[in-house]
Amino acid sequence: MISLPLAFFAAFALTIGAGAGMVALLAPVKLRLGERWALSWLIGSMIVSFGEWIFSFLCHGFILQAALTLLCLGLGVVAFVRRRAHSPIRPGNWEYFLWTLFLLQLVAVFYLSFKHTLGWDGLLNWEFKAHIAYENGGSLPPTYFADEQRAFSHPEYPLGIPNLELWFYSWLGEANQFWIKAIFPSYYAAGALLLAAFIEILTEKRLFALASAVLFFFVPQFLVNPGAAITGYADFPLAVFYLGAIGFLLLAERGEEWFWLAAFLLSFLPWLKREGIVLWMTGVVCGLLFRGRRSLGKTIFGLSGGLLVFLSWQGYLLANHCFVVSDFAGLNPESLSKHFNRLGPTLQTLVQNLFDLQLWSLLWYGAIAGAIILLWHGRARAALLLLVALLLPLSFDVAIFLFSAWPDYLRHVNLSLDRLVMQVAPTAFLLVSLAAAVMVPDLTKRKILEAGAFRRQNLPAEQEPSG
Amino acid sequence: MDQHLAKPGALSLSLALGFAIAFAVSGARQVGPALRAGAIHPPSELHSCDLYLELVAHRPQLAARLSAALRALPSDKPIAIVLRDQDPESAFLGMLSAYLAWPHTIHIFRVEEVSPAFSPRDYAAIIYCNLPQENAPSPEIVLSQNLRVALSSAR
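Residue numbers (the working numbering), protein chains in the order written: chain A, 1 to 467; chain B, 1001 to 1155.
Hints are computed from structural coordinates only; laboratory data are not their basis. We put the CB at the ideal spot given by N, CA and C, even for glycine. Treat the hints with caution; some may be incorrect.
Computed from the model, here is a short list of chain B residues facing chain A with C-beta under 7 Å [what the hints assert, rightly or not]: (1) Gly1018; (2) Gly1027; (3) Gly1032; (4) Tyr1099.
Covered by chain B, according to a simulated footprint, are these stretches of chain A (three or more residues, beta-carbon under 8 Å) [said to hold, decoys possible]: (5) 207–219; (6) 252–261; (7) 286–293; (8) 376–388.
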């Protein structure tokens, strides 16, 4: 019997392999190593998670695991066959330094993850489902969905995270609450690497991109508070998928492959969490508003995946007579007019939350300044796309509490808001980093030398800079 | 510094650098203490449940034992979990018990002041979560000061 760490590594490698294969099919472009790893993890994790659900209609137990393993191996072969050589990059001393810092931070995130328990919701809403499904041969029994007594675990929540945990459990040979925590820092790593990749592609400032990835570590809500990346909640993975989708939509005007990567990431938002449908809708609005020269039909086709996933899951819940305890009362005009006075206090709570240094450090101060800087520097497309991507979900987060069924709706707001804001926080970080990168000059030696050479070639001898 | 960084470039760089330092310092004040506090506990299957139970019931490695005991009960009868919604400790223990009672059917009784009206014989076990001892209708196993399990008289 192989040990638990080895089994975990096998499941992890297969997940990455599946993701790498899909990335090779979706984006036949030269990706940098960091973004290739990040995308392989994100896409691979959803292939195995969604695959667990689809294959569970056909088979159970060992056969289910074997079928999914074959799928991962097949996609891994695709990744190997379609691999492309990376253009050699010679990092400078500062880049080595920042990479070392980033790797040390990753070790710290894994350490934090292993040190802490799964968060309360991470345990009862997500891991519990994986545990049940593991003991039931790979799927949740229909009795679970109709069980009123276990409705506290929200059977209506989608299975993105539970099924990923299930995949690892099937390789570990047991439902292990310790080892499963290792999957969540991987989302942190993917988020930071994607962020760096977007900044580098959009501004060609590699040093600055790496510095952004290092600063990602200093948003407290990402690492230490309830709902953080290490607690086993779905909010942080959802936020990283959203960051990826919006980042690739920003890049979509440079090439079609980026759009298809964005569309793929958007499709899985409703599979990760119920609120994912709001983020998906926002992504659709951004995709349509900023589609450039891409045809409307092609854009709609690409963006419709999320709706399909959402409707499939709702149909499944209906077929299983799922018992739902809703925290929200009827979404109707009467409720709206009755509770409209909640808007002010909820908005005030949101503003207090955004500017709470203990939660977000200076992130949201930077986001406001960043939007102004991007507009000032003529980056209107990026500024507007990012503003829509941030403001639409935040507006929804405020509006939805008009319909809260809790007697003390502000308690509901306070308990939920950190996590709702976190779903868009990495995208806000992208806005801040992009604005800062646009504002400051490039500091890499190569660029400085190129600038110097250009000036020497183009300036008269007497004007040539000395030293 | 190269001359082309002078004037507006240097000002922008200073602003960005100042913001980055303030950002990192402000964030580190929250992240740093979290890194220093506590240590990694020995790995176990029910790692998180164990630590939560240890926090509330003050008994280490209780989750695996409770889970094994509940699994050994006959599956033809449900398990009753009695808790007080207004008492966070009680609700906390109740939800953890509901987790550990899988795959048994459970019935959760939320009581405030009066005892729930149910027949103990209808249940394979009754778990009392932070409730006073006089509520018990049959002999009990005291797992901790605030967690007791009464087995059905048939067992």
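Evaluated hints:
Given the 7 Å rule on beta carbons, the hint for Gly1018/B is violated: about 11 Å separates it from the nearest Cβ of chain A. About 3 Å separates the beta-carbon of Gly1027/B from the nearest beta-carbon of chain A, less than 7 Å, and the hint is met. Given the 7 Å rule on beta carbons, the hint for Gly1032/B is violated: about 10 Å separates it from the nearest Cβ of chain A. Hint on Tyr1099/B holds. Least Cβ distance to chain A is approximately 6 Å, under the 7 Å limit.
Using a Cβ-Cβ cut-off of 8 Å, 5 residues of the segment 207–219 of chain A lie near chain B, which meets the minimum of three, so the contact claim holds. With 0 residues carrying a beta carbon less than 8 Å from a beta carbon of chain B, the segment 252–261 of chain A misses the three-residue requirement, and the given coverage is violated. As drawn, the segment 286–293 of chain A meets chain B at 0 residues by the rule of a beta-carbon pair under 8 Å; below three, the given contact is violated. Three residues within the 8 Å Cβ limit are the bar, and the segment 376–388 of chain A against chain B gives 0, so the coverage statement is violated.
Violated hints for the displayed structure, listed by number in ascending order: 1, 3, 6, 7 and 8.
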